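So in this note's numbering, spot 51 of the sequence shown is number 51, and the numbers just go up one at a time.
Simulated from the structure, these hints should not be mistaken for lab results.
Where hints are given, some of them may not hold.
[Unchecked claim] Okay, derived cross-link-like pairs now, SDA-like style, lysine to any residue, Cα gap no bigger than 20 Å in a straight line:
{"#": "1", "residue 1": "K101", "residue 2": "R206"}
{"#": "2", "residue 1": "K178", "residue 2": "L128"}
{"#": "3", "residue 1": "K179", "residue 2": "L120"}
{"#": "4", "residue 1": "K212", "residue 2": "L234"}
{"#": "5", "residue 1": "K168", "residue 2": "P136"}
{"#": "6", "residue 1": "K233", "residue 2": "F213"}
{"#": "7", "residue 1": "K69", "residue 2": "L5"}
{"#": "8", "residue 1": "K238", "residue 2": "Y270"}
{"#": "9", "residue 1": "K126", "residue 2": "E177"}
Computed from a predicted structure; not experimentally measured.
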Amino acid sequence: MNKILHGLNKEQAEAVQLTEGPMLIMAGAGSGKTKTLTCRIAWLLEQGVPPYKILAITFTNKAAEEMRKRVDRMVGPAAKNVWLFTFHAFCARFLRMEIEKLGGYASNFVIYDNADSKNLLKEVLKELNLDEKNYPLASLLSTISNAKNVMLDARAFASQAADFHARKVAEIYSVYEKKLLLNNALDFDDLLLLTIRLLTKDEEVRRRYQEKFSHVLVDEYQDTNHVQYLLTKLLAEKHHNLCVVGDIDQSIYGWRGADIQNILDFGRDYPEA
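Start from the sequences and build out the full structure, keeping to the hints where you can.
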């Protein structure tokens, strides 16, 4: 038996070896889903797929590091150039190379964490002469984050504002975005939002990355939100070699827009799966 398949059951071995076309691997906790995914990466490499044409995405740095170690143990140096990242790390790398095509930003942009974003929002409130008691920073940050995760920029958010408070939040959002741009800074949600915007806007860039990644793999797919779903769908559009792993009973990111429907509708999006 091939060493990559050693220790896998029949269903796992089949999932590893069926590498063409879309595939949904749905199983419960402790069933070896991530192991199957890493074995699939190793199998692709052994079958001659260039490492730089494989993109594997997960949610946490810890999970990405563990997947990297597992693949390295199975395959060795051949795995070095596999694109294995969290969603945010992939988008950061992509934007370092491509963001200047959007205009306004430079490739040496800084990435703001939550504390940086709150400090910037404090500046915005002061500039607009608004009281933080009426517009708590945590609430503002959550509202802006949720808007970006469904692809609503400040202008689109403003168009949906239904009352005075919502219109003020939209104004805050707008000034916040202008200050980010002025500082050549992105917040965490911008990493995904601007990646999608660029891939959608620039046909040459979109085609290049769709051609580049012949195989896209996503761990914990049940935790994807709308913008992560769009990114996955865009990148896999040419080859349709999309393998996603998930468990509908393990969704943990509902608080930041995770949509369980993404995994439930996989068969609708990819009827050939």
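Right, here's what the structure says about each hint:
no. : hint          : in the structure
1   : K101 <-> R206 : holds (12 Å)
2   : K178 <-> L128 : holds (13 Å)
3   : K179 <-> L120 : holds (8 Å)
4   : K212 <-> L234 : holds (12 Å)
5   : K168 <-> P136 : holds (13 Å)
6   : K233 <-> F213 : holds (12 Å)
7   : K69 <-> L5    : holds (17 Å)
8   : K238 <-> Y270 : holds (12 Å)
9   : K126 <-> E177 : holds (15 Å)
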